[in-house]
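All chains, please: the whole structure from these sequences, using the hints.
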Amino acid sequence: MTKSEKLLIFPSELENISRVERLIDEISSSHNLSSEIYGKISVALIEAVNNAILHGNQLDVTKKVKVKYNIDDESISFIVWDEGKGFDFSNIPDPTLPENLEKTHGRGVFLMNHLADDIEFGENGAIVEMKFIFG
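The letter at position 73 of the sequence shown is residue 73 when you use UniProt numbering, and the numbering goes up by one with no holes.
It is worth saying that the hints were derived from the structure and are not from the lab.
Any given hint could be a false lead.
Unchecked claim - Straight line, CA to CA, 30 Å or less: simulated BS3-like cross-link-like pairs of lysine-lysine:
id, residue 1, residue 2
1, 103, 64
2, 131, 85
3, 85, 68
4, 85, 103
5, 3, 66
6, 103, 63
7, 40, 66
8, 85, 66
9, 3, 68
10, 6, 64
11, 131, 3
12, 131, 6
13, 131, 64
Unchecked claim - Have a look at the derived ranges for each label pair, beta carbon to beta carbon:
id, residue 1, residue 2, range
14, 34, 99, 35 to 41 Å
15, 6, 99, 38 to 44 Å
16, 74, 54, 30 to 36 Å
17, 15, 135, 33 to 39 Å
18, 3, 107, 31 to 37 Å
19, 26, 104, 29 to 35 Å
20, 102, 9, 35 to 41 Å
21, 135, 99, 35 to 41 Å
22, 134, 113, 18 to 24 Å
23, 104, 17, 15 to 21 Å
24, 9, 38, 19 to 25 Å
25, 98, 74, 37 to 43 Å
26, 111, 26, 21 to 27 Å
27, 19, 58, 15 to 21 Å
All residues carry an ideal CB built from backbone N, CA and C; glycine is no exception.
Shown next, in the form of structure tokens:
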């Protein structure tokens with residue numbers, strides 16, 4: 001497999017999640033990803049982009065979301081940026097606790113943390129980098 005990377009930039013509209021879905025499909029097809037890695041990437045990356053659009057940029061179409069990926073023989077990494085002020089990523093309530101089960105938000109970061117092999121937040125949470133290791 002050869003190393004490759006790509007950058008997508010789009011306005012903060014929920015319809016643009018379909019662009020990310022197409023990107024995941026293109027990567028999966030061209031790099032022959034396993035169904036397990038495809039599923040993990042799909043859920044985690046769509047959650048990250050959805051959070052960037054809704055929470056980071058607050059659906060402000062004048063603000064952009066950027067998605068970059070790097071892939072090599074061992075792993076694939078995604079970086080998602082928004083233009084928001086960030087959030088306290090170290091203090092996310094556990095959505096599996098009984099007092100949080102009924103809440104309609106708070107699951108995205110939890111899912112991203114559990115699906116990615118490595119995850120880092122930067123710029124107060126306005127940037128998230130997720131790494132998925134093959135095999």
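Now for the hints, and whether the structure bears them out:
no.	hint	verdict
1	103 / 64	holds (28 Å)
2	131 / 85	holds (23 Å)
3	85 / 68	holds (20 Å)
4	85 / 103	holds (23 Å)
5	3 / 66	holds (20 Å)
6	103 / 63	holds (28 Å)
7	40 / 66	holds (20 Å)
8	85 / 66	holds (15 Å)
9	3 / 68	holds (13 Å)
10	6 / 64	holds (16 Å)
11	131 / 3	holds (15 Å)
12	131 / 6	holds (15 Å)
13	131 / 64	holds (22 Å)
14	34 / 99: 35 to 41 Å	holds (36 Å)
15	6 / 99: 38 to 44 Å	holds (41 Å)
16	74 / 54: 30 to 36 Å	holds (32 Å)
17	15 / 135: 33 to 39 Å	holds (35 Å)
18	3 / 107: 31 to 37 Å	holds (33 Å)
19	26 / 104: 29 to 35 Å	holds (32 Å)
20	102 / 9: 35 to 41 Å	holds (36 Å)
21	135 / 99: 35 to 41 Å	holds (38 Å)
22	134 / 113: 18 to 24 Å	holds (20 Å)
23	104 / 17: 15 to 21 Å	holds (18 Å)
24	9 / 38: 19 to 25 Å	holds (24 Å)
25	98 / 74: 37 to 43 Å	holds (39 Å)
26	111 / 26: 21 to 27 Å	holds (22 Å)
27	19 / 58: 15 to 21 Å	holds (19 Å)
Comparing the model with each numbered hint stated earlier shows that all of them hold.
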